[in-house]
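Protein chains in written order, with our numbering: chain A, 1 to 326; chain B, 1 to 326.
Among the hints, a few may not be true.
Each pair may be met inside one copy or between any two copies, as identical chains are not told apart.
Unchecked claim - Straight-line Cα separation of at most 25 Å, DSS-like style, residue types lysine-lysine; simulated pairs:
(1) Lys304 with Lys193
(2) Lys72 with Lys245
(3) Lys260 with Lys232
(4) Lys269 with Lys154
(5) Lys245 with Lys69
(6) Lys267 with Lys304
(7) Lys325 with Lys293
(8) Lys287 with Lys325
(9) Lys304 with Lys269
(10) Lys303 with Lys293
(11) Lys69 with Lys235
(12) Lys69 with Lys303
(13) Lys293 with Lys267
(14) Lys11 with Lys232
(15) Lys269 with Lys297
(16) Lys104 with Lys72
(17) Lys260 with Lys303
(18) Lys154 with Lys28
(19) Lys28 with Lys235
(20) Lys245 with Lys235
(21) Lys304 with Lys34
(22) Lys154 with Lys267
(23) Lys104 with Lys303
(24) Lys104 with Lys245
(25) Lys297 with Lys287
(26) Lys297 with Lys11
(27) Lys297 with Lys325
(28) Lys325 with Lys28
(29) Lys267 with Lys303
None of these hints come from the bench; they were simulated from the model.
Protein chains: 2
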Amino acid sequence: MPEINDILSGKALAGARAIRLIEENDPKAFELLKQLYPHSGNSFIIGITGSPGVGKSTLIDSLIVEFRKLDKKIAVIAVDPSSPVSGGAILGDRVRMQKHATDKNVFIRSMASRGEKGGLARTTKDAAIVFDAMGYEIIIIETVGAGQTQFDIKDLAHSIGIVTNPGAGDGIQTVKAGILETGDIFIVNKSDKPDCEQTFQQLNMMLNMKAGSKTNTATSSKTSSKITWTPKILKTNAQTGDGVKELADTFLEHFDFMGKSTALTTKQKEMENSYFNALLKDLTINKIVEFIKTSDKYRAVLKKIQSREIDPLSAAQLLTDTIIKI
Amino acid sequence: MPEINDILSGKALAGARAIRLIEENDPKAFELLKQLYPHSGNSFIIGITGSPGVGKSTLIDSLIVEFRKLDKKIAVIAVDPSSPVSGGAILGDRVRMQKHATDKNVFIRSMASRGEKGGLARTTKDAAIVFDAMGYEIIIIETVGAGQTQFDIKDLAHSIGIVTNPGAGDGIQTVKAGILETGDIFIVNKSDKPDCEQTFQQLNMMLNMKAGSKTNTATSSKTSSKITWTPKILKTNAQTGDGVKELADTFLEHFDFMGKSTALTTKQKEMENSYFNALLKDLTINKIVEFIKTSDKYRAVLKKIQSREIDPLSAAQLLTDTIIKI
Chain A
1 MPEINDILSG KALAGARAIR LIEENDPKAF ELLKQLYPHS GNSFIIGITG
51 SPGVGKSTLI DSLIVEFRKL DKKIAVIAVD PSSPVSGGAI LGDRVRMQKH
101 ATDKNVFIRS MASRGEKGGL ARTTKDAAIV FDAMGYEIII IETVGAGQTQ
151 FDIKDLAHSI GIVTNPGAGD GIQTVKAGIL ETGDIFIVNK SDKPDCEQTF
201 QQLNMMLNMK AGSKTNTATS SKTSSKITWT PKILKTNAQT GDGVKELADT
251 FLEHFDFMGK STALTTKQKE MENSYFNALL KDLTINKIVE FIKTSDKYRA
301 VLKKIQSREI DPLSAAQLLT DTIIKI
Chain B
1 MPEINDILSG KALAGARAIR LIEENDPKAF ELLKQLYPHS GNSFIIGITG
51 SPGVGKSTLI DSLIVEFRKL DKKIAVIAVD PSSPVSGGAI LGDRVRMQKH
101 ATDKNVFIRS MASRGEKGGL ARTTKDAAIV FDAMGYEIII IETVGAGQTQ
151 FDIKDLAHSI GIVTNPGAGD GIQTVKAGIL ETGDIFIVNK SDKPDCEQTF
201 QQLNMMLNMK AGSKTNTATS SKTSSKITWT PKILKTNAQT GDGVKELADT
251 FLEHFDFMGK STALTTKQKE MENSYFNALL KDLTINKIVE FIKTSDKYRA
301 VLKKIQSREI DPLSAAQLLT DTIIKI
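Model the full structure from these sequences, guided by the hints.
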């Protein structure tokens with residue numbers, strides 16, 4: 001088990017060990033996280049999301065360059081639930097961002113979840129706590145897609161950047177998918193492509209239509225008047241780096257905005273609630289289902305399912321109703 | 001609620017309604033599935049998996065053509081946990097396979113999970129039960145990636161086809177990712193590309209190295225001697241249809257093999273167990289966590305988390321230990 005103090009002083013090796021314990025669902029990770037948690041809550045967590053192929057990894061690569069110019073320590077957690085994963089390493093992402101490998105102020109980690117517990121959302125949150133406690137000022141979480149059930153980036157990051165590409169329909173697709181509400185910053189990447197301006201305008205129009213709604217409204221802590229973050233749209237070319245400085249600045253601007261209003265406190269609370277509820281579910285399910293599985297009733301019901309005397313749905317209902325008397 | 005008899009007699013509209021109830025986590029779906037389950041267990045369920053862009057949808061499109069020549073009724077469940085999803089429809093897949101839209105013996109459905117319960121694996125299994133009860137002889141489940149935790153295709157399909165493309169390293173990546181054990185049929189798609197033969201040989205060599213191991217060994221029901229399914233490798237060109245007939249035949253050959261050995265019974269049992277355990281988890285968690293959330297203890301702990309008197313990990317532990325006395 002890595003030393004707490006090594007992690008808190010930002011030692012990469014200790015951090016890497018902690019992440020590995022998390023990924024392996026080692027019970028030691030839980031104890032470690034308990035000790036690290038009080039030292040977390042200082043990082044600005046950015047979620048970068050979008051369909052496969054829109055250029056998220058390249059964009060993050062360029063963002064790192066910009067944030068490093070501002071002397072920020074950055075950790076990247078690349079989450080790809082759809083990649084076949086070996087030992088927690090997704091080769092592609094790592095290779096793409098490898099030029100930062102020698103920069104000790106940049107920590108890039110691909111995340112996968114091996115065990116049943118919690119799944120990727122909790123593993124990612126756990127890793128973010130480690131990086132946060134290690135003193136990384138910015139944590140970028142890269143994830144494929146937004147809005148899916150099993151992995152909700154909204155509960156993990158302060159600021160969400162949604163990456164799309166120029167092209168008729170793509171912008172509209174994004175909007176259709178209910179992502180408009182999720183994004184704080186919309187990024188039209190591959191700005192050298194035709195239709196970039198058109199996609200920009202489409203997004204702009206759609207965001208304007210949404211404006212005035214209650215989304216992204218926060219009450220200022222000082223004046224208690226309503227302050228609203230208007231989602232921004234930026235054009236970038238991750239390959240050449242065009243527009244990426246502006247993107248980095250806009251993310252920092254958003255964080256600054258949140259800190260000045262009640263938005264940051266509200267967001268932190270939501271993130272904590274969500275983490276706590278996920279933990280509660282995990283611990284409850286472990287404790288109870290493991291208990292149920294040791295019972296004779298479980299074994300008897302399983303036999304009945306296999307002999308087709310009962311269907312699995314009725315069986316599960318019967319068993320929980322028999323054992324859990326609430 | 002759709003009529004059971006309409007579903008059992010294969011009426012598309014009734015089936016579509018059932019799937020929608022499942023997707024929306026409507027409590028009616030649970031009751032419906034209880035009634036449908038005894039009528040399921042007759043379909044051959046094929047899982048088609050592989051990284052994005054390898055051509056899974058086009059391949060399935062061609063497979064449908066071949067299976068239709070054999071007069072099989074086919075349902076396709078396209079599962080894409082990484083796509084931004086709107087209302088359960090992933091436009092891309094649907095459009096790609098649209099040429100079968102007028103064939104009443106083909107039912108194509110994109111699946112998404114909206115609610116918290118169960119997630120995509122259970123939603124997909126539920127949908128498969130509906131299609132099975134409707135009389136579809138073959139159900140194809142298309143999924144991105146294999147081997148990930150939250151969605152294990154092994155528990156959902158009888159036969160797994162893993163799609164890869166020609167190209168140095170890709171075959172090796174597949175193997176590294178621990179997918180070698182999962183695949184019953186390996187498909188090198190885009191066979192017109194250079195390096196196809198090389199990828200084929202790489203896979204072949206790797207599978208030979210694995211041969212003799214206990215994977216895929218089944219005991220014959222008659223002779224009780226060991227019969228082994230040797231994973232097959234096929235080259236296809238989904239665009240032109242080259243090799244797809246052979247692929248369809250090989251899937252049927254695998255199903256035939258399973259039926260003649262104990263493999264099918266074993267697999268069915270594993271699939272049933274897995275479904276039952278998922279249901280047990282879902283029902284347990286709903287019942288208990290909902291109960292916990294109504295308690296004063298929950299509210300008190302939540303306050304302490306927000307005032308940072310306790311970390312969420314310790315809080316979850318404390319609460320489950322206090323409430324669940326096992």
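Intra- versus inter-copy proximity for Lys235 and Lys69 (alpha-carbon distance at most 25 Å): within (20 Å within a copy, 49 Å between copies)
Give the relationship of Lys269 and Lys154 under a CA distance limit of 25 Å: within one copy only, between copies only, both, or neither. The answer is within: 12 Å in one copy meets 25 Å, while 38 Å across copies does not.
Cα distance capped at 25 Å. Does Lys69 pair with Lys303 within a copy, between copies, both, or neither? Answer is neither; intra-copy 64 Å and inter-copy 40 Å both fail.
With identical chains, the pair Lys104 and Lys303 could be close in the same copy or across copies; at 25 Å between alpha carbons, which is it: within, between, both, or neither? Neither way: Lys104 and Lys303 sit 56 Å apart in one copy and 38 Å across, limit 25 Å.
Is the C-alpha distance from Lys297 to Lys287 at most 25 Å within one copy, between copies, in both cases, or in neither? Cα proximity of Lys297 and Lys287: in one copy and across copies (17 Å, 18 Å).
At 25 Å max between alpha carbons, let me know whether Lys267 reaches Lys304 within a copy, between copies, both or neither. between (48 Å within a copy, 17 Å between copies)
25 Å Cα threshold - placement of Lys267 relative to Lys154: Within. Shortest intra-copy distance 9 Å satisfies the 25 Å Cα cut-off; inter-copy 38 Å does not.
Are the CA atoms of Lys297 and Lys11 at most 25 Å apart within a copy, between copies, both, or neither? Answer is neither: 50 Å inside a copy and 38 Å across each miss the 25 Å cutoff.
Give the relationship of Lys269 and Lys297 under a CA distance limit of 25 Å: within one copy only, between copies only, both, or neither. between (41 Å within a copy, 18 Å between copies)
Check Lys104 against Lys72 for me: Cα-Cα at most 25 Å, and say if that holds within a copy, between copies, both or neither. within (11 Å within a copy, 59 Å between copies)
If the cut is 25 Å between Cα atoms, do Lys267 and Lys303 qualify within a copy, between copies, both or neither? between (48 Å within a copy, 15 Å between copies)
Using 25 Å as the alpha carbon limit, work out where Lys104 and Lys245 are close: within a copy, between copies, both or neither. Close inside one copy (21 Å), not across copies (54 Å); limit 25 Å.
When each numbered hint is compared with the structure, violations occur for hints 1, 12, 14, 18, 19, 23 and 26.
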